[in-house]
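Asker: Sequence:
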Amino acid sequence: MSVNLATMTHHTQQEQTESRTRGKSLLPVCCMCGLIRIESQSPAAPERWVTSRLYEKTHQIDPRECLFTHTYCPGCYTKFMRKVRAA
Numbered sequence: 001m002s003v004n005l006a007t008m009t010h011h012t013q014q015e016q017t018e019s020r021t022r023g024k025s026l027l028p029v030c031c032m033c034g035l036i037r038i039e040s041q042s043p044a045a046p047e048r049w050v051t052s053r054l055y056e057k058t059h060q061i062d063p064r065e066c067l068f069t070h071t072y073c074p075g076c077y078t079k080f081m082r083k084v085r086a087a
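Take 1 as the starting number for the sequence shown in full-length UniProt numbering and just add one per residue.
There are no misleading hints in this set.
Quick list of in silico lysine to aspartate or glutamate cross-link-like pairs, EDC-like style, CA-CA up to 20 Å: (1) K79 <-> E47; (2) K57 <-> E47; (3) K57 <-> E39.
Think of the hints as simulated: they come from the structure by calculation, not from any bench.
Kindly generate the complete structure, drawing on both the sequences and the hints.
Answerer: Here it is in structure tokens:
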């Protein structure tokens with residue numbers, strides 16, 4: 001009985017996670033400072049990096065419930081490359 005209950009609980013938790021993330025693309029987050037990249041619809045427009053609070057306010061989506069992919073924002077990339085070159 002307890003094995004079945006544990007299995008059912010696991011499946012329920014997995015279904016809840018999948019329903020929250022279903023249809024959502026990966027959210028690019030800077031691995032150093034945590035800023036979130038907002039990709040514009042226009043290829044000519046520059047990308048924007050915003051805080052999670054601003055992202056949640058403008059998109060009505062809690063970033064903590066999204067799937068992340070890690071990257072570097074321009075400022076952190078520059079800092080990181082300076083350290084690499086100095087090493």
